[in-house]
Amino acid sequence: MLACGLGVMALPVAAGEPAGVVELFTSQGCSSCPPADAALKKLINDGKVVALSYHVDYWNYLGWADTLATKDNTARQYAYARMLGRSGVYTPQAILNGRDHINGADLDGINRRLAEMSVKGKGLAVPVNAVVRKDEVDINVGAGNGKANVVVVYFNREQLVDVTKGENSGKRISYWHSVRDIQTIGMWDGKPASFVLPASILNEGENGGCAVLLQKMKDNETPGAILGATTVMADSAAN
132 MLACGLGVMA LPVAAGEPAG VVELFTSQGC SSCPPADAAL KKLINDGKVV ALSYHVDYWN
192 YLGWADTLAT KDNTARQYAY ARMLGRSGVY TPQAILNGRD HINGADLDGI NRRLAEMSVK
252 GKGLAVPVNA VVRKDEVDIN VGAGNGKANV VVVYFNREQL VDVTKGENSG KRISYWHSVR
312 DIQTIGMWDG KPASFVLPAS ILNEGENGGC AVLLQKMKDN ETPGAILGAT TVMADSAAN
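In my numbering, the protein residues as written are 132 to 370.
Treat each hint with caution, since some may be false.
Stated by the list, open to error - Only pairs whose alpha carbons sit at most 25 Å apart, straight line, appear in this in silico SDA-like list of lysine to any residue:
| id | residue 1 | residue 2 |
| --- | --- | --- |
| 1 | Lys347 | Gly252 |
| 2 | Lys347 | Ile332 |
| 3 | Lys347 | Val262 |
| 4 | Lys253 | Leu215 |
| 5 | Lys202 | Asp350 |
| 6 | Lys296 | Asn191 |
| 7 | Lys349 | Val282 |
| 8 | Lys251 | Val262 |
| 9 | Lys253 | Lys278 |
| 10 | Lys173 | Ser300 |
| 11 | Lys253 | Gly275 |
Stated by the list, open to error - Here are the computed distance ranges between Cβ atoms for each label pair:
| id | residue 1 | residue 2 | range |
| --- | --- | --- | --- |
| 12 | Lys302 | Pro323 | 41 to 49 Å |
| 13 | Tyr221 | Thr353 | 13 to 21 Å |
| 14 | Val327 | Lys347 | 17 to 25 Å |
| 15 | Val327 | Thr295 | 37 to 45 Å |
| 16 | Gly216 | Lys173 | 25 to 33 Å |
| 17 | Met318 | Gly194 | 42 to 50 Å |
| 18 | Phe326 | Asn276 | 27 to 35 Å |
| 19 | Tyr221 | Pro323 | 35 to 43 Å |
Because the hints were derived from the structure by calculation, they are not lab data. Backbone N, C-alpha and C define an ideal beta-carbon position, used for all residues, glycine too.
Work out the full structure: start from the sequences and follow the hints.
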């Protein structure tokens, strides 16, 4: 497991479009993870990226079973490892735009890498919009090139956890945008497309939300580059 200091770097972003997607793989049982969890919170508060926190279960043997971990989250990280040609995984690991990885605590590095990706044409090029209207979540994907899955990632806005055992014993840690479910709702073929979900899928009241990721697939089991993304919260209903 890795650790490093936090820094801040300005990240340019076009109006209305996120500068990138940061998927943090973390664990309540990992002593190196709290700085990365804090870095993710800063990214969320800055509001320039789509930021998600996937709690994994493979550190549970250290004495504390992560209360937010799921096997699907762990499986997604291993799928990214296959995509990257890596033999293993680590925490805290941040996947950027579904294309590369970096230490999740390296806030300056995350911002710099996303800016470089944007310049090199590896940013979010396809507009994605989602809004809650009464009992619906309306999703619109713009035009672009290629094919991709439309993936909805459901999360909780914030959760406070008192860790009583393991490497972080005695700490109360704030976790933001912790993923609780992942669902592929359709395909995109380069043409503008619309999707409708029931608003009840954000069933965590004011604490619920989801991200919509337009993500290419290397194969049926291996995710690839993210072409577009957005976030919508349950309490953002429009008239």
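Need the status of pair Lys202, Asp350: alpha-carbon distance at most 25 Å?
Given pair Lys202, Asp350 holds - Cα atoms ~20 Å apart, limit 25 Å.
For Lys251 and Val262, compute the direct alpha-carbon distance and say whether it is at most 25 Å.
violated (30 Å)
Pair hint outcome, Lys349 versus Val282 [Cα-Cα no greater than 25 Å]:
holds (15 Å)
Are the Cα atoms of Lys173 and Ser300 separated by 25 Å or less?
holds (24 Å)
Range hint 25 to 33 Å (beta carbons of Gly216 and Lys173) holds or violated:
Holds: the Cβ-Cβ distance is about 30 Å, inside 25 to 33 Å.
Is it true that the C-beta distance of Phe326 to Asn276 lies inside 27 to 35 Å, as the hint says?
For Asn276 against Phe326, whose Cβ atoms are near 20 Å apart, the range 27 to 35 Å is violated.
Check the following: the C-beta atoms of Tyr221 and Pro323 are separated by a distance inside 35 to 43 Å.
Holds, since Tyr221 and Pro323 (Cβ atoms, about 39 Å apart) stay within the stated range.
Distance restraint between Lys253 and Lys278, which requires alpha-carbon spacing of 25 Å or less
holds (16 Å)
Regarding the pair Lys347 and Gly252, is the alpha-carbon distance no greater than 25 Å?
holds (15 Å)
Range agreement (Cβ of Pro323 with Cβ of Lys302, hint 41 to 49 Å)
holds (46 Å)
Is 13 to 21 Å right for how far apart the beta carbons of Tyr221 and Thr353 are?
At 19 Å between Cβs, range holds.
Holds or violated: Lys347 and Ile332, Cα atoms, limit 25 Å.
holds (24 Å)
In this structure, the earlier hints numbered 8, 18 are contradicted, and the remaining ones agree with it.
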